[in-house]
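Residue numbers (numbering that gives the first Met the number 0), protein chains in the order written: chain A, 0 to 285; chain B, 0 to 157; chain C, 0 to 766.
For the record, the hints were derived by calculation from the structure and aren't laboratory data. Note that this is a predicted model, so its numbers are computed, not measured. Idealized CB from N, CA, C, for every residue including glycine. Hints may contain errors.
Said to hold, decoys possible - Calculated pairs, SDA-like style, for lysine to any residue (alpha carbon to alpha carbon, straight line, at most 25 Å):
1) K754/C with R247/A
2) K435/C with K754/C
3) K256/A with E296/C
4) K751/C with D38/A
5) K2/B with E43/A
6) K751/C with A248/A
7) K754/C with E43/A
8) K580/C with N605/C
9) K751/C with E43/A
10) K2/B with D38/A
Said to hold, decoys possible - Covered stretches of chain B (chain A as the covering partner; in silico rule of three or more C-beta atoms under 8 Å from a C-beta of chain A):
11) 9-19
12) 38-49
13) 139-150
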Amino acid sequence: MRYEAPESVEGAVALLSAATGEARVLAGGTDLLVQMRADVVDPELIVDIKKIAETRAVREEKGGWRIGAAVTGAELKEHAKLKRAWPGVVEAANLIGSTQVQGRATLGGNLCNGSPAADSVPALIAAGAVATLAGPQGRRDLPVEDVMLGPRKLALKKGEIVVSFLLPPRPPRSSDAYLRFIPRTEMDIAVVGAGVSLTLDGAGTISAARVSLGAVAARVLLVQEAAQAIVGSRLDAPAQRRLEAAARAACRPIDDKRGTVEFRTDVAAVLTRRAALIALDRARTS
Amino acid sequence: MAKHHIEAIVNGDAVEFLCETEETLLDVLRDTLNLTGSKEGCASGDCGACSVTLDGRLVCSCLVLGCEVGGRRIETIEGMAKGETLHPLQQRFLEHAALQCGICTPGFLVASKALLERTPEPSEHEIRFWLAGNLCRCTGYDKIVSAVKDAAATMRKG
Amino acid sequence: MAETLTNGHAQSYVGTRTIRPDGVDKVTGRARFGADFSLPGQLIGRVLRSPHPHARIISIDTSKAEALPGVKAVITRADFADQPSEFIPAGEMMMNYKDVVRNVMAREKALYEGHAVAAVAATSTAIARRALKLIDVKYEVLPHVIDVVEAMEPGAPLLHDDLFTAGVEPKPEKPSNVAKRVEISLGDIEAGFKKADVVVEREFKTAPVHQGYIEPHAALASVSEDGSTELWCCTQGHFIVRAHCARLLGLDISKIRVTASEIGGGFGGKTVVYLEPLAIALSRKAKRPVKMVMSREEVFKASGPTSGATVKVKMGATKDGKFVAGFAELKYQAGAFQGSPVQPGVMCAYAPYDIENVKVIGYDVVSNRPKVAAYRAPGAPISEFAVESVVDEIAKKLRLDPIELRMMNAAREGTKAAYGPKFGPIGLEETLNSIKKTEHWNTPLRKWQGRGVASGFWFNIGGETCASLTINEDGTVSLMAGTPDIGGLRASLSMVAADELGIPYDKVRPIIGDTGSLGFTFLTGGSRSAFSGSMAIVEAAKQIKTELCARAAKLWELKPDQVEFSGGSVRALGSAAEKFKPMSIADFAKIAGKTGGPIGGYGRINAQGAGPSLGTHLVDLEVDPETGRVTILRYTVAQDAGRAIHPSYVEGQFQGGAVQGIGWALNEEYIYGEDGKLQNAGFLDYRMPVASDVPMIDAILVEVANPKHPYGVRGVGETPIVPPLGAIANAMEAATGIRFTELPMSPPKVLKALKEKGANGASGSDR
């Protein structure tokens, strides 16, 4: 098993493109190392992208925020300004595993692990985040909702890596929230995750919204019907009910050890409403 | 391929070691450097018994590759007491009987130290959530939480 | 030592909160646990495990693995002689070596996913892993059965074709998965129900749960050319490990020396052998030390959880609340081999109560799961959960305070228990009283919050125990005990030794002796180690005191009755008192060589008179009606400790047991797929409580002295896991109006029940 830690995006892409056997990108390693130990994967090449400056940076860009793919959850949490702009994204990243895991786990890794239950992904999708990919053919941008195609299936081509994410500029009176359901208070994989981002007009009416649901389908969903259900409202009771119905209708979950179809569908509706109310409250005071 | 040759700082001492790619930092600490204070409870980041700090950041050493730590500073339980003086957390864990079997104790101490370095006066809620990644099956956490609170108070007094 | 004496009396350590003598090693990472031992030249051992829940093993070809460079030994069933079928008492359970040899290494069949089929020893972990992949096992996959009720059905897949239900007349003609039927009865159950004004009958189901110790099983064996065997392992009983390994490997007991490492939790799960005989067999073959450590997945798949069960309870009471009849039928999963804790489950079911008419029937049922191992009060939490739930329902029906109802029916001194004995002094009423007096009990709750109370009983045991005290040349004391110390035993025994000898606590240095250092000592289990160990220490100290008095009498030329040991010194009595200065233990130590040689005491006892410990738990919780999530808000434990030697470690037992019970009640379970494979063999999805899941656990020490113990001590370790399941179910009923009868009360189940009742408002339409 070969380990490489290139210092440039081009170096990483070249290594991955040239790999003949199974190659894996190492960011935080909180999924990859577990899978290696469990004999689920046995890569021939590991490319550690943490020495690439671009993957490790958080900076403002065009009024929005660019977050490197290998920035850890703990680092995001300590970034006061980012946290103010995108509290939902930051809290989602910090729901991944324990304090110890947050010291390692990254947004890029969470996305590229290809799990429909990834906590940060619904928050990123709700935020309208765009992933910047780099590959042998150069760079391209892809909305986060288009990166993951299904469990363990990504839209990345051979040799391609996620370099960073761009969170769009934030109009005034905007905020976001992410909630997930787990049986314990910490440490579990999301049974359902709900991310909501919204913007209010001067009168306090929702003028724009994005809603995303995790762990209720083979991939994390962008639920446009749910967003439509609340745009134009102040999230009063009827709007909440429309929102819940839209969330419920979008669910296509499975029964498994973490939850049943019925449970996931019910809880998706509840969490979507609760996340929307938190985002609304935050937007009012932002 | 040949093993990786790694140089790092462990508990303030310069160390060098050889490791295979698939060996974790925990494997290296325990099997190569003979620092067996960090424990393997799960090898999946779910129990926290292998907690160490890496450049000051709390991590599970089972989720870090040995070959990743070149040039970095690692602190383990073995580096916590200074000479003959126990760290206030170690002292309070003893006084509060915050350990029964003691297998999780090194991880709890390392994690608690990282907490108090950032949050000198943590609430019970903060302590519990910070330590949620450290499993203890013996104590029910009660005396651990008390010991951390008490150690924090001691450390604030300096 | 005179400075430690006050007014001529020895300082009393028992009842104080000393620092444990093994503590510094444990907070500095120095303490050596199972996986921390290594030997020069050691090999790494790994186990090949069955991927099938039930399969006949047609053949095992190890030739390719043996040919792999670096592989030094491979073992299979062929390396273990078969054992005759014979039941041997093993503490609180019975065991049969015919089954033990098959559990450590599958013979005719693999009986559960994870069952050991072969093992290798190689020069590195990587080579050992590769070697496992080269072992070719041909299986004939058989239909499997996981659930206990399904396993009892006539057409169920049969695990053992020689298993005929014991305890039924006439003896069955056909084999089945029901290993035995047990029954206890007191009075006339039918007559009892006729007297009842109210009868409640319910059926309960509990999921198997794992002990969940954080330290995986580990063993390091070194066998020399002459068969001398050294073994280091994490176990609750190294003498038991020695006995099992000697039997399974055909070795003389004297040839095996077992050293118990520090143990990272056991809770009953480290009372049997898994890796130990394999490591010895591999080392014997390879002639090199072999180290084996289980992965967490192996711990879940191949070491004992406790039973899941189906329990039927029917209780009758008069309208003023007197229990007049208690019936129960328990069906416990044993796992792949017989030996579930159904017997203690049967005995404990109604033990907290004084009921004239009781009948409890139990079935021990095998299915394609790992063989169960003891887990803290084995069997009792399951049956008492069911009974405590029904007791609560009776209280509701009769509009009685649940504490008052329990008080009215509480077993007390003189009560004849359905399982046989008449109780001596026991403390159930005292625990109920102290709970009733708490601020907790008297604090109001809000909507969707509920409060529950439940009591619990566990017998506790004594048994064979050795401990020694040796006076060193400088008057300090070396203490040796034969039971591994899991939670403060060395502190407790040192405190007793210091009090008995009248010396400072820090002059006593305790260790856990290896199997060559002491006589046979039964394991740490049954809440016996502090109870029995302290009795052995008292005996050893008595020998020392007698010896010192004899030496003083000789030195002073007095008669034996003219001297006595008190306050840490031997004193001359009466008129001689002025003539001879009292001699301390240190004084004797200095002249030991001239007065008869080394001084020591050796307690070798079969401890009797373990008093049962009863407890009552009180819990507040809150239910999220929209998601079914349960939050434990507040928790209080009151339990009879007899006498708490070290109050902090007794409280720790209460708190830890309560939190394990919370896990059992709310989230922990073994989840199997249709394929008979365990789906949650890891801490991620097994979901033990984490720090943020629980509140502080208030602990009330009730002390009703056990008259059979010199200090009044009762075992305390197991009872605390008994009441939580019932207390939480009762609190759930209070919060939701729903009686939950199935564990765990995980969110999907809770939400479903709320929806069925139309109580949750989650549909959105009724708000």
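Do the hints match the structure? See the list:
1. K754/C with R247/A: With a Cα-Cα distance of about 16 Å, the restraint between K754/C and R247/A holds, given a limit of 25 Å.
2. K435/C with K754/C: Violated - the C-alpha atoms of K754/C and K435/C are around 34 Å apart, more than 25 Å.
3. K256/A with E296/C: holds (16 Å)
4. K751/C with D38/A: Violated, at roughly 37 Å.
5. K2/B with E43/A: Measuring from Cα to Cα gives roughly 15 Å; hence the hint holds.
6. K751/C with A248/A: Distance ~19 Å between K751/C and A248/A Cα, so the pair holds.
7. K754/C with E43/A: Cα-Cα ~51 Å, so violated.
8. K580/C with N605/C: violated (38 Å)
9. K751/C with E43/A: Not OK: K751/C and E43/A at ~47 Å, beyond 25 Å, violated.
10. K2/B with D38/A: Distance ~21 Å between K2/B and D38/A Cα, so the pair holds.
11. 9-19: With 1 residues closer than 8 Å to chain A, the stretch 9-19 of chain B misses the three-residue bar; violated.
12. 38-49: That given contact holds, which follows from 5 residues of the stretch 38-49 of chain B lying within Cβ reach (below 8 Å) of chain A.
13. 139-150: Answer violated; 0 residues pass the 8 Å Cβ test.
The structure shown violates the earlier hints numbered 2, 4, 7, 8, 9, 11, 13.
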